[in-house]
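Sequence lines, in order, name chains A and B.
If you're matching positions, the first sequence starts at 1 in this note's numbering and goes up one per residue.
If you're matching positions, the second sequence starts at 1001 in this note's numbering and goes up one per residue.
Hint data in this document are derived by calculation from the structure and do not stem from the laboratory.
All values derive from a computational prediction rather than experimental measurement.
Backbone N, C-alpha and C fix where the C-beta goes; we use that ideal spot for every residue, glycine too.
Among the clues, some could well be false.
Over 10 Å on every C-beta distance to chain B, these chain A residues come out as not near it, computed from the model [claimed, not checked]:
1. LYS6
2. SER10
3. LYS77
4. GLN210
5. GLU213
6. ARG234
7. TRP235
8. GLU238
9. ALA258
10. LEU290
11. HIS302
12. VAL311
13. SER315
14. SER320
Derived pair list, reagent style DSSO-like, types lysine-lysine, alpha-carbon separation capped at 30 Å [unchecked claim]:
15. LYS1071/B - LYS296/A
16. LYS71/A - LYS259/A
17. LYS324/A - LYS1293/B
18. LYS1324/B - LYS312/A
19. LYS296/A - LYS1293/B
20. LYS4/A - LYS1324/B
21. LYS1284/B - LYS284/A
22. LYS1324/B - LYS6/A
23. LYS36/A - LYS1324/B
There are 2 protein chains.
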Amino acid sequence: MSEKYKRLISKLLEGDIRSAARLITLVENDIQIAEKIISQVYKHTGNAYILGITGAPGSGKSTFISTLVKKFIEQEKKIGIICVDPTSPLTGGALLGDRIRMKQHFSMGNVFIRSMANRGQLGGLARATEDTIKILDAFGCDIIIVETVGVGQSEVDIFKSAHTVLVLLVPGMGDDIQVIKAGIMEITDIFIVNKMDLPGADRKVSEIVQMLELNMNYKFDNNNLNEDFAKINRWTPEIIKTNSKTGENFENLLEVIAKHKEFLLETGVISNYLKSRIKSETLKILKYKLSQKIEKLIDDSHAIEELIEEVKERSMDPYSMANKIVQMLGIEENF
Amino acid sequence: MSEKYKRLISKLLEGDIRSAARLITLVENDIQIAEKIISQVYKHTGNAYILGITGAPGSGKSTFISTLVKKFIEQEKKIGIICVDPTSPLTGGALLGDRIRMKQHFSMGNVFIRSMANRGQLGGLARATEDTIKILDAFGCDIIIVETVGVGQSEVDIFKSAHTVLVLLVPGMGDDIQVIKAGIMEITDIFIVNKMDLPGADRKVSEIVQMLELNMNYKFDNNNLNEDFAKINRWTPEIIKTNSKTGENFENLLEVIAKHKEFLLETGVISNYLKSRIKSETLKILKYKLSQKIEKLIDDSHAIEELIEEVKERSMDPYSMANKIVQMLGIEENF
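Next comes chain A alone, as it looks inside the complex (with noise of 0.2 Å):
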């Protein structure tokens, strides 16, 4: 551990934002320099409260964080985002390089806005994002937001991090349940009906309603807990209509996110929650490890040059050479 690192460490648990931005850009580009940091920085992490949202374009996403994290702000709460949509414009940096929506917050000096777009392979961006919120918690965070584009597998693995899952839908966007629901929908706490004011908003609760209906019996919980325990102490999704651009309903938001806060505490949710992610997080970092060293190996070795010549020559298949490495490694007995 070098002294760069523990000084910047230092700085970012009395709350110097510079340090902040500055770790998790060392943690974001390398793993081993995260692992670093990460093990200084974990015993000071467990107090942030952190909300997974997510949302297809066009559901009106950045207006909406903007307006909840003023609520947050006026409950003087200290609020860290990090946008894993690689299209989203609250800080835009990667693709848009438009930082002007949330500047305000910037200037207050408790909303701290990350994007992680475009961060390397998946399994890095989920890696990266966890320690990103890591970073975010001992620096002091109260609450973190953590943005994604939500289609898809990576946002459910990026999301086993979050406390409570917010989905936003809007009236009249026909398709957009159907994007969700890949995997999404069963991790949502908290449906958005957002843009209320638009004609059909309550046709697109009835189809929330639909949905969770016909996929009661197979939807548990956040987390792949024990099924017994999960079906006795099952939150039941809310839905709730907002406005974003008129504030409309906020207040009734954050009741309910408290709401699902109290459950993940009283029943103890939470300790199981915690627990299986532990065991997501580890899983994460030990397959990214592992992956990195089998790249490495795959193109440097010569060896594995002359099996891919005969696979290319279809003498052999893809599975009996991933063996061939394998027994090539050593793995196999070790299992």
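Given the structure of chain A, go ahead and fit chain B onto it with the hints provided.
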């Protein structure tokens, strides 16, 4: 290798569609069985030309593919379609239950559609897609279309198998380029401005041109080939406006696809491409195998329960836990 699989495979090679469907289900559901089947099927592959087609929801992908498929049928091609997009109405099996749109092709007996929606994990999905491609290849498909939703790293992974990658954009959808941008753009061979009858088609073409110019410096090729080789033998992405309803410009599109195929063959890019595809595929299999083993280990082991408790109390961090597991497995010394 059981007799059942052998019989299915020999019927597959004779072009029996039910055997194809059955074998795909088998490889999808179980990597152990996939291994047995693919090791027999692999030597019969290598004839199909693989098209990757993607586009944001609303870009008219299904009508586009329907029209494209009709053109291929006119050329007496046998076509396989793999829908990785969970929202795809092409089969819609998984989510919408509507197989109507493509039915006319079904009945002609030379189009086979398969939805891969919601099949397990991402790594598993990419792996299952690769294996499905191989079965359709051995089944005798001349052309295999892989359809995805086009946002995120998962598609990049899936498209590593495609010879030619088509991305659909539409006039007036402001943010579709932004959505597609993250990773997909770099591997696109042909940009389609679909719904060319809508206002703004030419502006969309300019936007694509602009984006391509911006990215010229880091755009190399489909498959992380040797950079120098790729620089010399670089395909300049083409842009084609289409109207999927009238079929306008589809002849032109077919010519450009043929031109890209010729490019791959004449430059020898296709050989490098195959090599890099084998690498990435073996890597996928290896990662998937190791992941499964690690997941099983983490779920079963008592020793790991104890580590989790330590992390829960924050007397250990997840990275240290991952390292302990690597040690327990004796993996370290083999790398």
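Taking each numbered hint in turn, which are not upheld by the structure, reported in ascending numerical order? Checked against the structure, the hints that fail are numbers 10, 12, 13, 14, 15 and 18, while the rest are satisfied.
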